[in-house]
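Asker: Below are the chains, spelled out letter by letter.
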Amino acid sequence: MAAHGVDVVVLCGENNVAYATGHVAPSQEPARAGATRSVAVVTPTTEHLVKVPLIDFDDGARELVASLADYPGTLAIDEYPSIALRMALDRRSPDDARPLLTTAKFVKTPAEVEAIRRAQRINEMAMDDVLPMLRPGMRDTDLTALFFRRVFELGATGSTVDPIWNVVPNSLRDAPFTFTGHLPFPLPSTGRLLDKGDVIFNDTGIDFNGWASDYGRTWCVGVDPDARQRSQFHRYLEIVDACCDVIKPGASAWDVAVAARRANDGDPPWLPHFYVAHGIGTESAELPFCGTDLGEEVESQVVFEEGTVLVLEPVVWDDGHGGYRAEEVVVVTADGCELLTEYPHTPYE
Amino acid sequence: MSKERVLAEMARRGVDALLLGREGNARYVSGAHRLFLASERAFAPGCAVVAETGAVHVLSLTEFGMPEAIPRDNLYPPSWNPATLVGRVAAIPGVRGAQRVGVDGLTPLFEALLVAALPNAEFVDGEAVMREARRIKSAEEVGQIRAAAEIANAMLTAALDAVGAGLDDGAIKAIAMQAMAAHGVTTAAFEPLVTRDGERVTVAVGVLRDGWEADLTRTVAGPVRPDELLAAIARCRAGAAVEDLGADAHGVGLGYEVVSPGAVLEPGMVLSVGARGARDVVLVTNDEPEALTPPTL
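First to last, the sequence lines map onto chains H and B. Under the working numbering, the residue at position 167 of the first sequence is numbered 181, and the numbers go up by one with no gaps. Under the working numbering, the residue at position 274 of the second sequence is numbered 276, and the numbers go up by one with no gaps.
All the pointers check out, no bait thrown in.
In silico DMTMM-like pairs for lysine to aspartate or glutamate, Cα to Cα no more than 20 Å straight-line:
1. K65/H to E245/B
2. K5/B to E70/B
3. K65/H to D250/B
Partial list, computed: chain H residues near chain B (C-beta under 8 Å):
4. A49
5. I91
6. E167
Computed footprint of chain H on chain B, listed as stretches where at least three residues anywhere in the stretch have a Cβ under 8 Å from a Cβ of chain H:
7. 21-29
8. 42-52
None of these hints come from the bench; they were simulated from the model. These numbers come from a predicted model, not from an experiment. Positions of the beta carbon are idealized from the N, C-alpha and C atoms, including for glycine.
Sequences and hints are given; from them, build the entire structure.
Answerer: See the structure below:
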């Protein structure tokens, strides 16, 4: 706040409130989460939460703004949940709180890294128990049922995303239309029956006391990966290694994209609507992003520090023969990076 | 048809275009099923409705999950660059000429970009438009909520069996979530809640089935619907005000719906009504209120 010349920060975003105050809202669908939100009012020396259930209406918005009269000076806000709040705050001419939040969130403390590691571990243990149950004739939603059972038994406090069991075609010809011409990943489950030989890109994420996990692997239904699929997996590992070789304090987000592309004969080994890596924290995907359409000019300015946490998610695609995708969580250390988890890539290894 | 209701409400309020960030609003007007993500989200223009053309445009990489009523030409792709995204929205036919643009939220960045892209536009409350359009449920929509209530009932029944078996709170939640997904529904309205007061155990569940919500709460051992809840349900009649129900009440539809305490009930409104450890989803009719959630227990 000091560096950004801000006297009071008003946080309406659930993940920002959790980050700044430690107040963790229950895991809820977006409208319920918005309607039951707590707003955090943060100054350099104090912080408190305000419960404003009717922020959509002028009365509720004005009530919140009236309570800010005790905090003069420059006010910054992360988002306006309603136009009513935007109007009510007009006279304070709010600044954008996002730049200072981004700066703060960019580096995780050791305790925060441990919280992410813990969330990740719960997610992985649950997936470890789902994989042996996978067989032809199941529905994709049956996998969700098994995953939910295990992940909540293990203490998850929410599922951040409708669990993804995306059966991918061998050829993009057989995929639904996308603007990029590449894979329309991730698609939600539909109750689809799984066939022998189907290749699933899975992607699940949980919340554990306000911290997110992100798990992705490729699974094969009822068969072992063949030689070609294993070679895709080996290429994936080469790309991950190449990324990890450049991730260290002082490296930029763009450096990771360059390293990934170089390890894949010059072609970007990621889905063009995404990135090869993203940050993780109180949100399952947050800054920094590596390899997005923001491009070199923006991403080369984003420089890692010790404590930056990244999720690498290269995709090796061999059109006509499917592909391999997985995710690895890494934390930037003093002189390189460390895998936060060393979960196996069954059934590929 | 929900799109017609939105367009009619836009016409009534003189709103030329709507830019919607709230997923329930976008799904209501478009029918689009995009990937569900839990938790509150900051505004981004994920759906646009244009009065002049009567068209709905949806932010989506793919046509998967899009209804037939949304042709490929009415999709616009995502970008990590907010300026690029606003450029795509501004290029939608009818948006640049819109005088009054309704938005259901903003961020400082999107406000700056939208003001720059649409310098002649006045930004007005789009949530008010959507709240009014979504308030009264059609028979088909009530059917959707009723179907969601069946899943909530299956979920709660499994959870209460687990309570009876003496399992701990984590196991009860896990079994409830498993039961929901085993019925083909993979999105919860909220993480199941288990609270204990001496011997009494209260379990609350909520589901989104095809986006439509039903939530349900029961307490064991206790009455299925305590007298306070029965009385509140009985008061859910046309003409009553929400604040006079004597219960904690909010709207349900495509997710949670905020209602003003002074809002007056009309036939076709659907409320989640809770009192003393029990909660039901209730349809306001021309006659007796109808609980859409079953008794359970």
